[in-house]
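One line per chain: the protein sequences are A and B, in this order.
Numbering-wise, the first sequence is residues 1 to 429 according to my numbering.
Numbering-wise, the second sequence is residues 1001 to 1429 according to my numbering.
Derived from the structure by calculation, the hints contain no laboratory data.
Please note: incorrect hints may appear among the correct ones.
As the list claims (entries may be wrong) - In the SDA-like style, the derived pairs of lysine to any residue whose C-alpha atoms are separated by at most 25 Å in a straight line are: (1) A:K216 / B:K1188; (2) B:K1188 / A:V429; (3) B:K1415 / A:P219.
Said to hold, decoys possible - Quick look at which bits of chain B chain A covers, simulated, 3 or more residues with Cβ under 8 Å: (4) 1067 to 1079; (5) 1165 to 1174; (6) 1207 to 1220; (7) 1325 to 1338; (8) 1402 to 1416.
Glycine is no exception: its CB is placed at the ideal position from the N, C-alpha and C atoms.
There are 2 protein chains.
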Amino acid sequence: MAAKKKTAKPAPKNAFYAQSGGVTAVINASACGVIETARKHKNKIGKVYAGRNGIIGALTEDLIDTSKESAASIRALRHTPSGAFGSCRYKLKSLEQNRREYERLIEVFEAHNIGYFFYNGGGDSADTCHKVSQLSEQTGYPIQAIHVPKTVDNDLPITDNCPGFGSVAKYIAVSTREASFDVASMAKTSTKVFVLEVMGRHAGWIAAAGGLASDKDTPIPILILFPEVEFDQAKFLKKVDENVKKFGYCTVVVSEGTHWPDGRFLAETGLKDAFGHSQLGGAAPVVANMIQSELGHKYHWGVADYMQRAARHIASKTDVDQAYAMGKAAVQFALKGENAIMPTIDRKSTKPYKWAVGKAPLSKVANVEKMMPNNFITKDGFGITQACRNYLTPLIKGEDYPPYKDGLPKYVRLKNVAVPKKLKKKFEV
Amino acid sequence: MAAKKKTAKPAPKNAFYAQSGGVTAVINASACGVIETARKHKNKIGKVYAGRNGIIGALTEDLIDTSKESAASIRALRHTPSGAFGSCRYKLKSLEQNRREYERLIEVFEAHNIGYFFYNGGGDSADTCHKVSQLSEQTGYPIQAIHVPKTVDNDLPITDNCPGFGSVAKYIAVSTREASFDVASMAKTSTKVFVLEVMGRHAGWIAAAGGLASDKDTPIPILILFPEVEFDQAKFLKKVDENVKKFGYCTVVVSEGTHWPDGRFLAETGLKDAFGHSQLGGAAPVVANMIQSELGHKYHWGVADYMQRAARHIASKTDVDQAYAMGKAAVQFALKGENAIMPTIDRKSTKPYKWAVGKAPLSKVANVEKMMPNNFITKDGFGITQACRNYLTPLIKGEDYPPYKDGLPKYVRLKNVAVPKKLKKKFEV
């Protein structure tokens, strides 16, 4: 009966993994890193259960059994954008404010023998992860919570940069260069100004990446409108006109967060449609219309929106590698018994670019927003400095093309098989 | 004195090449085809002079000496988007209406020994090229005019498709797929509808390409708004809502040419800003706001604008090959003594895709717009048929990545050295 005794050995704890907040071109590469690494340590980590639509999946006991996915499918996550298990915008309140949610999490973890909690998200999510990491102490249920950094906004502290940002930055730099070549061709008789709107409501990291489109070999007259700099219409229009007079054309990269001195976003036009609904028109058309009406230059404008953060087809290899490494490191830290931490990207040198995996305590990560340093923006407020270039360039380096079929990238869709529910109680979020 | 006699032999005629109208990701690949092929026949074609900013360069005697460019630079045109010599929007009137322009062209051609005229553009430009091709007959000055097809709108007749279109189509198909993956991830608690605005004021070819994002392996609920179909708001909103209820999310691809039954474009909001200027806000935000106000679904929207036609980083290999082939064929036809024609892409078979170079008389090309066949749009007006897929798929096939440096594509900028002027008279356009 020795064999029977062996099976009676307690099963290793399972892991919970969830994606949170806005998705990116490489968040699935982190998922790939988590799952592939966990699969290599089956003696210590049983199964990886993913939350369907993030933490909501944990609360509603809607878990996905990733062990049902083939190795090939998990490998394909590395080149598939978006959140393969679904994400959510949902922030847990504090234990005092909403004890009910934490009790429910413990119930679900206990029912499914979950001992590891990997949460893949930005600043708000780091806060959720931090709260979960405190549950062992507060409730006695043993859980290790590790945060896997992700955000196109690049605003997490301590880590040199955030997975997701490098690929957006590359897309914006490439698109800005390409569209600038286009407008330069047309400027003699037609369009003279191209305006590109990019993400970044609070910090200008993504807008700054537009500045990389211009370099020594390929100079381009680019003006950047940062959320960090109050919009000065007269000064801006003067600059645009100067560029058009000197170079024949001008490119403008405008952050969605660009705002007037009184704090109103440029995108808030104050206009209402026929039904009385406010029209949210974007910052780019506002800037473009202003250039047309005040300077008379013909314009074109684009809004990169989801295209920029989903553009896995032009992802940065640095970014993909780092996203995977963060997922892998999260599991390795967990195996070493760590709790309440986030793996970080530590820059060791810029030229040549070298980085290593570090770690940061979640208490220092949660709810802290990293802004662009002042010395990254030129004195006139419309450009990026050499220090900024040095920081950004390694992050967009390298291409990591997905496979194609019939002219389109082959992105994986998982089966996302549900783990059978064990709890009788339902939970409403 | 035999050597001297040899040099007295009349120099071969030079060629004029110009880019016209909106530029594309691959118009320079056609320029590359023209110049590389001409360089192989120096006994028959002297130099290739490019018009700076299209036909305006011919009228103002502002010619670029492409022989000053290295073989490597010319080769790099193949992977460089936009118009390397500058383009223009300028249509010659008829000989009767503006004899002065034609007389000027002849003066410039004569002064620079130009016997070949290669014009790289769309329908309007084909008309200009056709007029130039008639100059020999009408003025006695010997000139052979060949049109090189180019237009993202895909609306030239006779040729199966137009260089420039395949790459836009690929960009839109890829971006639609990527953004759809994104919104699908977010739909549970956040964005449920993504709206992407694409080019195509008169014909829905580019919008149709958005439909390719969804296929058997990767089904996506996509609604397409074509300029060919009058916008029916109630029917459209019902479809959006059905998709959101059934799949959790919905993607909308809206052509800039989508219009109300009375002919007004959706983009014409009728709104005025604080200065009384009309606000041209794009079709995407109008559609998005409508979805929000009538259905209450959270949305995101993007406008691909110049990014779509400049996106050489994700160009279709089929398109690049065909653009080059059209430039090469134009020179080969000229060497055979042809005039007043345009090389065409003749589809020989769809599965497997086979095509060959053909030719069409300019009299049948100029000012004829090829619309989408009715059987390419599904009966409900919001999708593409299998016939449309069969037509489009080969055109987006294959990737043809440019070289990169520091994370950015290395696009060439030519020296664009001016040919010394020989005429005393200036010409105002």
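Quick rundown of the hints versus the structure:
With a CA separation close to 46 Å, the supplied pair K216 (chain A) and K1188 (chain B) exceeds the 25 Å bound. Taken as a hint, the K1188 (chain B) and V429 (chain A) pair is honoured in the structure, with Cα atoms around 12 Å apart against an allowance of 25 Å. About 14 Å separates the Cα atoms of K1415 (chain B) and P219 (chain A), which keeps this hinted pair within 25 Å; it holds. Note: the stretch 1067 to 1079 of chain B has 0 residues with beta-carbon separation from chain A under 8 Å; the three-residue rule is not met and the coverage is violated.
For a cut-off of 8 Å, the count of residues in the stretch 1165 to 1174 of chain B with a CB near a CB of chain A stands at 3, and the three-residue condition holds. Counting residues of the stretch 1207 to 1220 of chain B whose C-beta lies closer than 8 Å to any C-beta of chain A gives 5; at least three are required, and the coverage claim holds. Under the rule that three or more residues need a Cβ within less than 8 Å of chain A, the assignment of the stretch 1325 to 1338 of chain B is violated, with 0 such residues. Coverage of a stretch by a chain is defined here by at least three residues with a beta carbon nearer than 8 Å to that chain's beta carbons; for the stretch 1402 to 1416 of chain B and chain A the count is 9, and the condition holds.
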